[in-house]
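Asker: Let's have the full structure, built from the sequences with the hints guiding it.
Next come the chains, spelled out residue by residue.
Protein chains: 4
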Amino acid sequence: MKSRKLSRADVQEHLRTTRNWGRWGDDDEVGTPNLITPAKRLEAARLVQSGQVISLSRPWPTEPGPGNAHPAQHFMQRMDKPGGAGLAEDFIGAEFHGKTVTHIDALSHAWDSDGMWNGRSPDEEITFSGAKWGGVQAWRDGLVTRGVLLDVPRHRGQAYVAIDRPVHGWELEEIALAQGTPLTPGDGVVVYSGREAWDREHDAWAGLAERPGLDASCLWFLREHDCALIVWDMTDRMPNGYDLPFGNHAAIFAYGLALVDMALLEPLAEACRAAGRWEFMLVISPLPINGGTGSPVNPLAIL
Amino acid sequence: MKSRKLSRADVQEHLRTTRNWGRWGDDDEVGTPNLITPAKRLEAARLVQSGQVISLSRPWPTEPGPGNAHPAQHFMQRMDKPGGAGLAEDFIGAEFHGKTVTHIDALSHAWDSDGMWNGRSPDEEITFSGAKWGGVQAWRDGLVTRGVLLDVPRHRGQAYVAIDRPVHGWELEEIALAQGTPLTPGDGVVVYSGREAWDREHDAWAGLAERPGLDASCLWFLREHDCALIVWDMTDRMPNGYDLPFGNHAAIFAYGLALVDMALLEPLAEACRAAGRWEFMLVISPLPINGGTGSPVNPLAIL
Amino acid sequence: MKSRKLSRADVQEHLRTTRNWGRWGDDDEVGTPNLITPAKRLEAARLVQSGQVISLSRPWPTEPGPGNAHPAQHFMQRMDKPGGAGLAEDFIGAEFHGKTVTHIDALSHAWDSDGMWNGRSPDEEITFSGAKWGGVQAWRDGLVTRGVLLDVPRHRGQAYVAIDRPVHGWELEEIALAQGTPLTPGDGVVVYSGREAWDREHDAWAGLAERPGLDASCLWFLREHDCALIVWDMTDRMPNGYDLPFGNHAAIFAYGLALVDMALLEPLAEACRAAGRWEFMLVISPLPINGGTGSPVNPLAIL
Amino acid sequence: MKSRKLSRADVQEHLRTTRNWGRWGDDDEVGTPNLITPAKRLEAARLVQSGQVISLSRPWPTEPGPGNAHPAQHFMQRMDKPGGAGLAEDFIGAEFHGKTVTHIDALSHAWDSDGMWNGRSPDEEITFSGAKWGGVQAWRDGLVTRGVLLDVPRHRGQAYVAIDRPVHGWELEEIALAQGTPLTPGDGVVVYSGREAWDREHDAWAGLAERPGLDASCLWFLREHDCALIVWDMTDRMPNGYDLPFGNHAAIFAYGLALVDMALLEPLAEACRAAGRWEFMLVISPLPINGGTGSPVNPLAIL
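Respectively, the protein sequence lines represent chains E, F, H and A. Under our numbering, the first residue of the first sequence carries the number 1, and numbering increases by one thereafter. Under our numbering, the first residue of the second sequence carries the number 1, and numbering increases by one thereafter. Under our numbering, the first residue of the third sequence carries the number 1, and numbering increases by one thereafter. Under our numbering, the first residue of the fourth sequence carries the number 1, and numbering increases by one thereafter.
None of these hints come from the bench; they were simulated from the model. Just to be clear, a hint being listed does not mean it is correct.
Same chains, same names: a pair is fine if it fits in one copy or spans any two.
Taking lysine to aspartate or glutamate pairs in the DMTMM-like style, the calculated list, with each CA pair at most 20 Å apart, reads [said to hold, decoys possible]:
| # | residue 1 | residue 2 |
| --- | --- | --- |
| 1 | 81 | 123 |
| 2 | 81 | 243 |
| 3 | 81 | 63 |
| 4 | 5 | 224 |
| 5 | 99 | 80 |
| 6 | 132 | 164 |
Answerer: Listed below in structure tokens is the structure:
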């Protein structure tokens, strides 16, 4: 898309006219990951050159703090056996949607007044025993595809994305071209905004009511390139600027897009800069929670 | 190893004389996954031929039942936004060690009277706030390697491993050779014993006090081939037959072996039989829980 | 009531014709505990003679076992302070409805096709963030009243209630009279059926699909005497014998009755037998969980 | 005690010289609640005059906020039965020590360099499966005694205790005498400091690093009067002013005192002022968690 000033109505109209409802059948619960074909996975595997692997996950966040209103739980147990042997076990628990656990959003996670992904009704589908539609188990065989890092701070010559300069779709386009990594259907786009660098200089991004991030104009980019998924460290800018319930998170119900929130991308950005490469094999493996609205994940980039 | 009758003393002596303590330094918390070099990962990626991907994880087990004394938790939440938009979120929790959650054991999970991996003391290392030694975060960059399925039921011409005929190390050796997939250092060995077929004909394997599985003679196999990890559906036979605190789970503290318990392997076995191939790219991505004794995982086999 | 053979239609008609809907106003969420007036509490306090106090709660059931499909959670934490001081803390969690945690049922806990207490609709009132109607916080000031133990095993000269001889309403009537403790409005009736004695001779009561307990004819007794609450160790017999969704649990939505399930009554029965007294001050103090469907409680009998 | 300036050494010496270790035997895990005799409970019951009952518990705090770093959990479930009947159930969970859940501290909760209650060692007693010493189940039969409200704001003619004027032991003495309610052994002292009034005018007390409360001089008061327990809304002032690990919380391990933190006392204070009475029957009923370091409670004052 070209750079231009968007209105609330522009975004709403775009979502309605370009949404993928029915594209893979009315009963499809997979969404854009349908674009990850076996051939695409094979292409992804062929991208591995050095065998270096990098985690895109933040540590399990048990410490309360800004943006961590519901800390993840981790409790230890120890069981001794006769003769000095023994076992240590633990309990983990999390309300993983939030600002601190790296997690994937399932298609059941969000909706607007037109409904959930493929037009389903949340009143019908969201039940006390799990989502009957768009549960994360639809992606139980993982998301394995070509990953492309779009390094916004490097492109801007700045350490991080600032509040007054959100990331726009046309800038992602520029970066992809400048890096020599144009996107192809089924790709996993990884948008690095410099969250750790921000945190070193400011109050923690996770705790901010007003915070830097991506503008809803990125919806055009995600849709035009038929991205299968997005991984990002800063997510939507807040407020989103259009008085809409969702910014780019609207891609969940409009496109059926898989969305990995709260990733840790600085190590990947450093590795990509060092290698002078911006594409890699990306592997995301959600826990198969029937009716789940998402899952904690530890995405891996294999260079 | 050759087929022979083993005694308790044989197993104990083997563990003490062949253990990997100090092999990667006294301060190493990674263990056999050290054998997964960048070159090994590259080799694994080169194994991808069809791009088919298969989950090796059982569903998140929220239903109580045989072998599921502490069911995994899954609670839903729904938050409505003005104008008909909304969000669904959930809480998940699990004491994941057990018989029903597919999970990886960290090196902090088990020890005998000689100590934990690399000789550390559980009294020093197992604390209320997590394991100070051998926590699962040591594998935060994932385990990406060549996977080799050893299909015991196919080799035996039976549907599943029975109680009176445990799997021995020499049989794994035979199978690997018969399949044309000899093991090389750093491999992830995936031992299929037919758990689902067993469950269709008997009381659920998970709930049995006496149950079929692998004999401790497999320790020789794992050590001789320098396996980086094992994924299995049936785990150790019970009782282990040697009056030892652990059967093959002793590989955790003796070799530093990564061990994925309670995998779902029938779909992979079917795919391998259909493809006539027994090797693939294996990707396991634990949640980076600092001081964790393991993690739920959804291992992926990419063929 | 007189002893007679009841039919399904009898129970249904009784519930509809005698229910307390509207008795304390259409917006009342308190139910029969409205019958516990300040004067009633004063009367209860005057019953204290010896000052002996007895807990009616079973231990916090963290061990899985028959009838304990979702064990209560208890995890320890330890925090050391400089100079050798320190703190121990813990996490507790429970799906407390079930067969093992002593708990009170709030009026939001159960309904039939006519609706919840006072005719409200569960579709309107049961939300993801709690019950909007009949939450346990309606009883936040506790239930303090006269308690009367009805000792069925003593009356029968047997150790426990057996499967083929459920407790009927007319038998409770006989026992109350034989003990010299006729019931008065607002009383808390405590029905002892000998659960511990049963457990010593049979498979644990909690794990049984068919189990001894109270017949739905006790509904007449509870209603005629305007009981404010019932505390019992065996609850409804299973199956209830009338092919109804609920036996005496129907008192929750029909009468607005407070119901304390899974109490431990053997110690109280022994104390009452020793003292030759069957009435006492009863204090039940639910946690004020807004919108909760009940609460774990430790009821106290003060003799 | 007389009003005087205390030093760190004064407090330490007082704790060591007046502690109750051995007073009820070396194996006693009950502590000062031993002072609540049957006669004391009878005396408490005789205090009931109006039959008014008041909860001293704050609501179950599921909302994150200042001082609520680990919000209590409350998740709903709904199960429909054939024919329109159904059940609602819930899960509750809490790390209840903290600033928002009204809870009782067991004798296993705190220690200093001299050890736990009765001189036991935390290294021996605090285990992964619970405290072996001083678990809250020691109080399973509840704490039923005479309660005396000491209304500090009323005595001072101010709405709440301020940071620069902590509550001292000699002031509690004055208040008790001024109110005409001298303390007797086994009493439950209820110290009202006006927390809600503070919260209406300041940042929430729960979230403050420096906050008003009771000075360690109250230890003298608690010990001299042989109080069985204390219930308070503000707890120890912070910092405690003596560079000690604990202020009045030291009474846990020194005296074996039962301590109810984070109570809601404004309603009780209003009722006492209205009635012109400051004593009542106090009933506290902890959940019998074996090895627990405390329990959420809903204390009841019966006037």
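Asker: Next, verify each hint and record whether it holds.
Answerer: Evaluation of the provided hints:
no. : hint       : verdict
1   : 81 to 123  : between (50 Å within a copy, 14 Å between copies)
2   : 81 to 243  : between (60 Å within a copy, 12 Å between copies)
3   : 81 to 63   : between (32 Å within a copy, 18 Å between copies)
4   : 5 to 224   : within (18 Å within a copy, 65 Å between copies)
5   : 99 to 80   : between (37 Å within a copy, 19 Å between copies)
6   : 132 to 164 : neither (40 Å within a copy, 42 Å between copies)
Against the hints set out earlier in the document, a violation occurs for number 6 only.
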